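Q: Sequence:
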Amino acid sequence: MGMQRVRNHYYSGAQILRSSSITPYDYIFTKPRSKAADKKQAAVKHSQAEKRRRMRINTQYEALKNLFQNKTKTDKASLLATTIEIVKNLRKNSILQEASSSSKKEMNKVTNQKKMQEACSPRNDDVFPSWEDKWSLKHEEDLMKATLNCEDKPGLMSTIAKAMGSVEAKVVKAEMVNVGGRTRVVLWVKDSNGDRKGEEILKRTLSTLMQRPVPKKRRFTQ
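Numbering (this note's numbering), first residue to last: 109 to 330.
Since the hints were made in silico from the structure, they are not lab data. Keep in mind it's a predicted model, so treat the numbers as computed, not measured. Each hint should be verified, as a subset may be incorrect.
[Said to hold, decoys possible] Restraint-style ranges between C-beta atoms, simulated for each label pair: (1) 281 / 241: 21 to 29 Å; (2) 172 / 145: 35 to 43 Å; (3) 206 / 185: 26 to 34 Å; (4) 152 / 198: 37 to 45 Å; (5) 164 / 216: 43 to 51 Å; (6) 198 / 298: 38 to 46 Å; (7) 172 / 206: 25 to 33 Å; (8) 193 / 216: 32 to 40 Å.
The C-beta atom is built at its ideal place from N, Cα and C for all residues, glycine as well.
Could you build the full structure based on these sequences and the hints that come with them?
A: What follows is the structure, given as structure tokens:
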């Protein structure tokens, strides 16, 4: 009879454990942290972060001290002020150098344009065609100046243009004057290839044009 009561009591207790909602086993033995404990842990983390920050600052401070060993004042405030002053001067010098470089480039550009204009400007005694058949080719600055004096001939300019195109030469300026059946052609040419090939072809072209006969009906009669 006594054993039956013990058995019934055990079964009823087990049923209560199964039917009731209880917390997990590990939660029973773990106490919830208090607000004071959370604050303490946060303070420890903050203290460690501050310590690491101060270590980094001290490392940079030692580096500055090594750079300015000749300075009498080596406290942090003085070294920081010196560093700021140096950075300001470097920035100022950089701005001045950039401005100077831009000014020099602009001056060089203007000078080159002036030289090219002077090279391409004909002299007063070198404008009208002469009565002598002749041609010349000479260098002025970085250009070739080709001059041709002859009787007016058909296809004169087209022949010269083809010669320029065959060597990819760029005609910077061209002048042609016709007076009394005589023609004067002046070309300022820039050789795109930068070699002597264009110069040789231009010489042969000018020589060929000089030797080309003029049709009798186009000859000028005085």
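Q: For every hint, state whether the structure bears it out.
A: To see whether the hints hold, each was checked on the structure:
1. 281 / 241: 21 to 29 Å: Since the Cβ atoms of residue 281 and residue 241 sit about 23 Å apart, the hinted range of 21 to 29 Å holds.
2. 172 / 145: 35 to 43 Å: Since the Cβ atoms of residue 172 and residue 145 sit about 41 Å apart, the hinted range of 35 to 43 Å holds.
3. 206 / 185: 26 to 34 Å: holds, 32 Å
4. 152 / 198: 37 to 45 Å: Check passed, 42 Å falls within 37 to 45 Å.
5. 164 / 216: 43 to 51 Å: Check passed, 48 Å falls within 43 to 51 Å.
6. 198 / 298: 38 to 46 Å: Once the Cβ atoms are compared, 42 Å apart, the range 38 to 46 Å for residue 298 and residue 198 holds.
7. 172 / 206: 25 to 33 Å: holds, 28 Å
8. 193 / 216: 32 to 40 Å: holds, 35 Å
In this structure, every one of the numbered hints holds.
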